[in-house]
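K.L.:
Model the placement of chain H on the given structure of chain G, informed by the hints.
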Amino acid sequence: MKAKKLFVVMIVLSFLFTACQTSNSPTDSPSGSAGDGVPAVCASDAFGCAVFKKGDVIKIGMGAPMTGGDASYGIDISQGGMIAIQDFGELNGFKFTLVAEDDGGTAEGGAAVANKFASDPAVVAVAGHIYSGATSAAMPVYEKAGIPLLSPSASLPALTTMGSQVFNRIVFTDARQGPPAAEYLFNKLGKRKLAALHDGSDYGKGLAEAVAARFAELGGEVVITEAITKGETDYTPVLSAVAAKGPDALYFGGYTAEGAVIVNQMKQTGLEDIVFFGCDGTYGADFLSRTGANGENAFATIAPIPAESPEKAAFDAAYLEQFGKEAGSLSPYTWNGYDATGALISAVKSVAVLGNDGNLYVPRGALVTAVRTLKDYKGVGGTYSCDATGECNTLPPMFVVVKDGAWVPAE
Amino acid sequence: MNVTSIQKLTRKGARISEILRPLLGAIIVIFLLYRLYDVFIVQQEYGPETWLRLAIAGLVIGSVYALIAIGYTLVYGILFMINFAHGEVMMLGAYSGFFVFEAFKAIKVSTDPLVTFSNAYPVLSVLIAFLVGMSVSALAGFSLERIAYRPLRKAPRLVPLIGAIGASIFLQNAAQLLFSPQLRDVTNPEILARGSGWGIMVNGSRVILPYTGVFTFFLSLILLAGLYLVVQKTRLGRSMRAVALDKKTASLMGIDVDRTISLTFLISGALAGAAGVMWGIHNGLVYYFVGFIPGIKAFTAAVLGGIGNLPGAMLGGLFLGLIESLGPAALGIDFQLKDVIAFVLLIIVLIFRPSGLLGERLAEEKL
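So the protein sequences, as listed, match chains G and H. Just so you know, we're using my numbering here: the first sequence kicks off at 7 and counts up by one. Just so you know, we're using my numbering here: the second sequence kicks off at 970 and counts up by one.
Keep in mind the hints are simulated off the structure, nothing from the lab. Positions of the beta carbon are idealized from the N, C-alpha and C atoms, including for glycine. Do not take every clue at face value.
[What the hints assert, rightly or not] Stretches of chain G that chain H covers, calculated by requiring three or more beta carbons in the stretch to come under 8 Å of a beta carbon on chain H: (1) 71-80; (2) 223-235; (3) 241-252; (4) 266-273.
So that you can see chain G by itself, here it is in the shape it has in the complex (with noise of 0.2 Å):
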C-alpha cells in the first residue's frame, strides 16, 4: 500500500521535473497564457513564480552566525558560497548571488532571517542554515514559501525526519557521525570509561547521547553525561564534577566557543591527562589559536575533505587569492558552502523559464522538487544524490587530531 502510494508520488514529481525541464528548452512553443509572456507553469505551480525583470539579481540566500563565537563557520562557509557565484551565477543575463544574513547560529535569529528571506521575492532558495539549532526554526517558514534549502552543513538527524518538503542537506547527519566516534575512542584510542558533555543545543545534545549510546554498546562506560550552560567563560565547576568520576576521555557535542574553553580548563581541573574529543562544531582556526598548548592532541570529526582534483585545486586558488587564507582552515564546511550554493544555481537553473517578454520566471514549487530530486550533481566534494527525504550525502565523517598546532588527519 504505501509502496503503492510512493511509487504514485514519483511519477508525478517526475512529471511535474519533466513538464519544467522542456519548458526550459528555448525551442518550446510559447507557453504563456494570453500573450503577456507568463508561462503557464507559474500558473499551475503551487507556489507561483519569481518573476526577474531585466537587470534583477536572482538572490541565494543563507542564514549563518556570522558575528559572535562561532562566526568563523559563517564567514567560510558563505566564502566558499560566493566562489559558487563567481563560477556558476549566470542564466540568460540574469546575475545570481549569495545573500549571507546573521542568525547568530540561534533559532531565534534562524526564524528572523527565514522571514526576512520570505518576505523577499528575489530569494528562490537558500543554501543554508548553517547550524541545526537555526535551521529548525527556519524550516516552517520556508515549507510555507516554497523556499527550498539545502544545508551544507546542518547535521541534526531529526531535522530529515520530521517530513519537510523544503529541507536538503549535503552534510553527513548526526547518526554517522556520532556511533563512528564511538567506535573510534573505543577501539582505537582503547579509552573505557567516557564523559559525555554537551552544550544543551539539539544538535549538540544530539550527539552526546549518540555518542554515549554506542560507547555503552560497545562496553565502555559512560561515567557522567553532563550538559554545560551555552555562552559561559568559566566551566570549572562541571570539570572538577567531572574530573571526580575518572573518565579517560571526554567527547564534546557543541560549538568551538564553548568546546575551546573547556579545553583550556581541562588542566586546572584534573583532566590535563585525558583525550578531548570533539565534533564538526569544534573544528577549525579559531579552536587552534584560543586553544593553544591546551588543544595539542584534541580530536574533532569533519566532513572529509575533497580528494585532490582539478575542480578542487581551482577552489583553494580562488579561495586563497580572496580570502587570503587556506580553504578548510576556517570550518570544515567551505566546500560543502560551494556545492550546495552550486547545486542550487543548477536546480534553479534547471527550472527556470525565460518568458516572451523578457523577464526570467523561476516557478517556486517546481524548484523545491528539483532540489530534492537533484541527482549526480557533481562538485568538489563528491557527487550528490537526494533521497526521498533529502539527505544527499552518503560519505561518512573523516577524524582529525590536532598535532604541533595544526589539524591533520588521525591514523
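P.N.:
This is chain H only, laid out in the frame that chain G set:
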C-alpha cells in the same frame, strides 16, 4: 466593599501566608536535607579534592560578583534606583583591560620576539591595565549619571529604572558596533598565565590554585576593604551616608548632594572596571555581552545581602559564587541548572527575608 471587609480580607490573606510560609520553608528544608543526605552519605560521589576545586572556583567568581554588587548597593543606598547599566560599565572596563594588554603585547622591548612589554614589566602592565580599566569605567559611570539619571532625579522611581535599562542596551550595542561582536582573547603576562598555579595534593589528586584566581580574590578583598574604609572613615564617606539618609537635610547641612552622587557613581564605576579587568585576566574572553550575566548575578548578590548594605553586598557576592559552584554538585543535579539555583535562592530569600541576609540597613534608616 467597606473598609472593615477589606481589612478582614487582608487579615485573612496575612493569616494564610502566615501558615503557608513556614510550610513552604519546611518543604524546602526537607528537600534540601534529603538531597544533601543523598549526595554526601549515600552516593559519596565526590572526594574532598572535588569540593575544594568547586570552592576555589566559587570564591573567585564570588569575589568578582561582590565587587560589582557594591556598585548596585552604593547607588541604591543613595538614589533608591537600580542601576541596570552597571554590568555594561564592567564590560567597558574589561574591554579597556583587553586593549591595554594588546598594546603591551605589540611593544617589543628586545630583539627576542617573545619578550614583549607585558612580559618584561608584568607588574607595571597589570597596574596600568587596572588604572585604565578603572578610569574608563569610572568615567562611564559618571557620565551615565550626568546624562541619563540626573535629568530624571525628580521623576517617579520607575522612570530612572527604565532609563537604566535603556542605557544598558545602548552601551551593549555601542560596544558591539565599536569593537565588533567577535570574542576577544585576553593575553596575560606570563606570570599570570591562565590555567597555571600552585598545586596542592589533596586525597592523591593535584588541586590547582590558579594564579589568576588567587590574584582576583585578594585584589577584590583589598578593594572592598578600601571602599569600606572610605565610606566609614572619610569626609566623603560621611557625606555619602548623610545623603543616603536624607538628601534635603544633608544639603541644608552644607553637603553638595550632586557632587556626592557623582562621586558615588565614580567609585562604583571604578570598582566595576576593576571587576571587568579581573574578569578578562581570569576568564580570558571579552565581548560586548560579557557584562550582562555578571551584572544580573551581582544584582542578585546585592539583594541577597540586603540592598543598600555594603558588607551585605560583599557577603552576598561570595555566598552566591559559592552556592552557584557548589550547589549543583551538592544537590546532585545538572550543572546547567546553576543559574536556576542562584535565582531560586533569590526568590527564597525574598519570601523569607525580604530585606536580605544582613538587612536593608541604609533604606531602613531612610524610612
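K.L.:
Against each hint, give a clear statement of whether it holds in the structure.
P.N.:
Hints and how they fare:
With a cut-off of 8 Å between beta carbons, the stretch 71-80 of chain G has 4 residues touching chain H; three or more are needed, and the interface restraint holds. Check on the stretch 223-235 of chain G: 4 of its residues sit with their Cβ under 8 Å from a Cβ of chain H, so the three-residue criterion for coverage holds. By the rule of at least three residues with a Cβ nearer than 8 Å to a Cβ of chain H, the coverage given for the stretch 241-252 of chain G holds, with 8 such residues. With 4 residues having a beta carbon nearer than 8 Å to a beta carbon of chain H, the stretch 266-273 of chain G meets the requirement of three or more and the stated coverage holds.
When each numbered hint is compared with the structure, no violation occurs for any of them.
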